Amino acid sequence: MKHKITILLLGFVQFIVAQHTITGTITDNNKKILSGVEIYSPELHKGTTSDFDGHFTLKNLPNKSIKLVVSYLGFKTKSVNINKDTKTLNIVLEASETHLDEIVISTPFNKLQSQNVMKVEHQNIKALKEMGSNTLIEGITNMPGVSQVSTGTSIGKPVIRGLTGNRVVVYAQGVRLENQQFGDEHGLGINEAGIGSVEVIKGPASLLYGSDALGGVLYFNDEKFANTNKTNAEIAEKYFSNTQGYNTSAMVKTSSDKFKIIARATYDTHQDYKISKGDKITNTRYKENDYKIGIGYSNNKISSTLRYNYNHLNLGISEEGIAEQTDSRNPDFPRQQVYNHILSLHNHLFFNNSKLDANFGYLFNDRSEFEDSNIASLQMILKTFNYDLKYYFPTYKGIETILGVQGMHQTNGNKAEEILIPSARINDAGLFVTSNYEWKSNVIQAGLRYDNRKINSDKYGESTDIHFIDALSKNYNSFNASLGYKTEPIKQTILRINVATGFRAPNLAELSSNGVHEGTNRYEKGNSDLNTEQNVQLDVALAYKNEHLELFANSFYNSINNYIFLSPNGSQIDGNNVFNYIQDDANLFGGEFGFDFHPHPLDWLHIKSSYETVIAKQKNGNYLPLIPANKINTSLKADFDLGKTMKENYFSINIQNVLNQENVSLFETKSNGYNLVNLAFGSTFKFHKTNINLSLNANNLFDVSYISHLSRLKADDIPNPGRNISVGMSFKF
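Letter by letter, the sequence shown follows residues 523 to 1255 of the working numbering.
Hints listed in this document are in silico derivations from the structure and should not be mistaken for laboratory results.
Given the structure is predicted, the values throughout are model-derived calculations rather than measurements.
Some hints could be false.
Straight-line alpha carbon distances no greater than 25 Å define the calculated BS3-like cross-link-like pairs of lysine-lysine that follow [to be verified]: (1) Lys1139 <-> Lys1047; (2) Lys1047 <-> Lys976; (3) Lys775 <-> Lys1169; (4) Lys1169 <-> Lys1211; (5) Lys554 <-> Lys606; (6) Lys780 <-> Lys609.
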């Protein structure tokens, strides 16, 4: 045994001392030196920029093949593979007026979007804000196929092609977010500050993410560490006229060759939001504190990142609509208080011709509701530990293969008199394999997966009690597969065809509910005999792109067996309408279609438009609930410089045409369409070594009174927010 330990220690010493350094130069097609080009390794969370002479250096790199992503505004992004034999790297970038190509993190092989088999929507947070969005969830609804279930300005839940809640998996800090997401009034619990970009997988992704990824994945990427041997800081402030709200955020980050650290603190405070003409919706005010810290280390054999996020949200629950008009920022009763902790550890271990990703996460979610005093009437404590191990085999004859093991252990506890769901324990385990093969302009990707979920819950109350919940012991199994093909049938055209299956085990609310859900004013009754939802989806995506025009057409057909939904049974308990969880086969189909035009010689001008539609029906022909209305989203954006001091200026006009929603379920009402106009302007000033960023947004410019079909306040005939003017300023050092 002593000999084995000695060998391991010697191996570890060797593991950390070797070094690999590369140097290089960045030029364009005309051999012109390019300075300020970003050279970044997603695996190492490490990067640098080319200097005034176009030179760059990266040290302490692994002695294996890794990707470097080279990006610069106005040029095509390039992905370059390097290995231990790469000492110098001279890169030539090709000019392009289209948006930057991005590495996709949410899919297993981390390809550039243009190389990826799956069509993944990718957008950085800066670009979303430049479209006139005020919040994170509002911003992602500008991405085709994405909507939100909203409760005023404080709560928003993503909807991907008509599916939401436990049918959409959300990742933050590289770990699966678990925060009682079964409830429509349970928000994401993450703040946009500290988020670098967002990716959306539309369609079943159970192969990669297991149960609940039946409808898709929302993947938030953290903001990057500072470049090697750099230190940066930021102070930002934003004001919102509609809620008299303030957002304050401060960040500092620094990196050496091996170590890096980043820290950010954010505070939000808002009054009740105003509808058109100025009335306030009582008790929609909220306060939020958010703190993030990340520590990274990398050398030639390993890259590790430890991140922690603490989020505290205190928000009011509106029950009376337009009632007392006040300027208070402190939520009144009833109110909700949520504490959310996310701790994640990500490790990339590099071997000679392969690597191992070992990721771990621990999440603690404390959700309380207070009816008429500071003693919680409802308190749920959710603790989740999850793991994700992926081994990347050596490439064999052009075939890349990954073997993965994923799992989760979760406990739910109740600490107050009332309960929504019983105390329970959930255990997940999954095993998958996927391969990717690329030749010429063709790529094929396939995979298989097996999952098991075990649910054990405690009894609540006595069998004679009307609110009695019996103990449960459930075991769910599922096999899933995916097959995708990407090709370029003609020049500058990409065709993607993907077929995948997905599954979702019933959640605790669907299995065990037996009481009033205060956030919805419904008496919900669970069904312990529910079966696993299973679906198969076909996606066909066609895109054409030249120097000045992009066209896309994405279509899908999603067939779901045993779709679970709430349906009124016509009775009442305690004065509340009773809803039962039932199942039926369902079909969803539709797509997104659009263009991005930047006419020559006006390459600074972008005209974008998209149309999205979803139709969702049960097997008997009835429509499914909570399906977004068809929408046309059009924007005009200009990027320009004004002299030597005002750089990176932009001005955009966004017009959202939301059509009537007449395809409603039996217990919904139809919704009228509406048109919204949003404006955004921004500029960057350079003062010595400080960049000063200014932004001005006007949302719902003409103060239109409207009610979104997916608003949770629609049942009470409460409109969405009216006009909002926001002004922001940030200082980057």
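Checked hints:
{"no.": "1", "hint": "Lys1139 <-> Lys1047", "verdict": "holds (23 Å)"}
{"no.": "2", "hint": "Lys1047 <-> Lys976", "verdict": "holds (21 Å)"}
{"no.": "3", "hint": "Lys775 <-> Lys1169", "verdict": "holds (24 Å)"}
{"no.": "4", "hint": "Lys1169 <-> Lys1211", "verdict": "holds (14 Å)"}
{"no.": "5", "hint": "Lys554 <-> Lys606", "verdict": "violated (28 Å)"}
{"no.": "6", "hint": "Lys780 <-> Lys609", "verdict": "holds (19 Å)"}
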